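Engineer: What follows is the residue order along each chain.
Protein chains: 2
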Amino acid sequence: MIRIFGDSISGNCQKVKWVVEQLDIPHEWVEVDILKGETRTDDFLAINPFGQVPVIQLDDGRTLAQSNAIISWLAEGSDLVPDDTFERAKMLEWMFWEQYSHETAIAVRRFQKLYQEKSDDEIDPQLIPKGRRALGRMEMALLGNDWIAGGETMTLADISLLAYTRLAHEGGFDVSEFPAVHGWIARCERELGLPHLHEVTDVQV
Amino acid sequence: MIRIFGDSISGNCQKVKWVVEQLDIPHEWVEVDILKGETRTDDFLAINPFGQVPVIQLDDGRTLAQSNAIISWLAEGSDLVPDDTFERAKMLEWMFWEQYSHETAIAVRRFQKLYQEKSDDEIDPQLIPKGRRALGRMEMALLGNDWIAGGETMTLADISLLAYTRLAHEGGFDVSEFPAVHGWIARCERELGLPHLHEVTDVQV
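Protein sequence lines, in the order shown, are assigned to chains X and Z. Sequential numbering from -10 applies to the first sequence in our numbering. Sequential numbering from -10 applies to the second sequence in our numbering.
In case anyone wonders, no lab produced these hints; they're calculated from the structure. No experiment lies behind these values; they were computed from the predicted model shown. Hints should not be assumed to be uniformly reliable.
Note that the list lumps identical chains together, so a pair holds whenever it fits in one copy or between two copies.
[Stated by the list, open to error] List time: in silico SDA-like cross-link candidates among lysine to any residue, alpha-carbon distance up to 20 Å:
#  : residue 1 : residue 2
1  : LYS119    : VAL97
2  : LYS119    : PHE100
3  : LYS119    : GLY40
4  : LYS119    : GLN101
5  : LYS119    : SER108
6  : LYS119    : THR93
7  : LYS119    : SER90
8  : LYS107    : LEU156
9  : LYS25     : ALA35
10 : LYS119    : THR28
11 : LYS6      : GLY182
Next up, chain X with everything else stripped away, as it sits in the complex:
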């Protein structure tokens, strides 16, 4: 059985949770509290020297970190990963972009605001325009496409981007300014059986 070490408040950890639940993969969830420093203990660093959650551990002791690498491995061969090699590469394109250009603004601002309880003045002012650019880029991709990587079905790219886009309001971003993104959040939530976090009456779902 796969052990998942994760903090439930982390979008990166939620990605892993959604994939194992969507694919009915047997697993054990081990809660690790980032704010209490539980990713910095010797025991945890022995499992993941990167000192980050999520990380998974297999029965034979092998471990795998980085949310997008973990979900790639878990979903290999499933409907969440396109068969076509180019479509698969497009999926990865969005997943790498998520970690470089989206998570680094939207998730970082959420963490500082919500968990470190920083005031807006204490937060890097560049994070707002950077996050808005990321949401704008998604809006552009979702005008005319149901799913972010452009295919006919939900892929890991949607799951990866959903995690912090869905929580963007907690970082001070208003997703209702991006109607295609807004509708896509509800579409993903429906597909994954998640509660709707945002009002959805004004968008086509």
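Take the given structure of chain X and dock chain Z to it, following the hints.
Structural biologist: Using the frame of chain X, we list chain Z on its own:
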């Protein structure tokens, strides 16, 4: 024939160049000068709305961005990608880590220092400890392993991390403090037929 839009000074673009050369993939290189704003023109944004290099374009017009997604697609089925699904996931783990925790310190500091000609005082002081932690993490992985993802042969994870690790001195980092990393750079360079950028007499290669 694949068209590669890249700026030769960019490590992210060099990854793509190395992979097509290593695998003898026919290609055309189109030089795009970031510093002259050539990634912000209407013509370029039509090819890559992310406004970033590298991006590749296929004969049928389809495009693919994000260096690590591009090399994943180019190298699919080659010796640079492990057959084993878990080893492939470990390769991806390092590639996602590269974009999130390594490039964002080492490449960013290099760019600001070398190309934006910022003085050390003008650069975020956190980039030095962050970059040193990244190099330390690589050192830990390379003590006892020839290749970063732990397998018997060079993978895309090595190519991805080589790009900016090899140029780290241009960002003010001293790789000779990390002897296993130092030796690994020379090992990768030899495998890829690249000139040695660092003195290699004191390390085992």
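Engineer: Which earlier hints turn out false for this structure, listed by number in ascending order?
Structural biologist: Result: no hint breaks.
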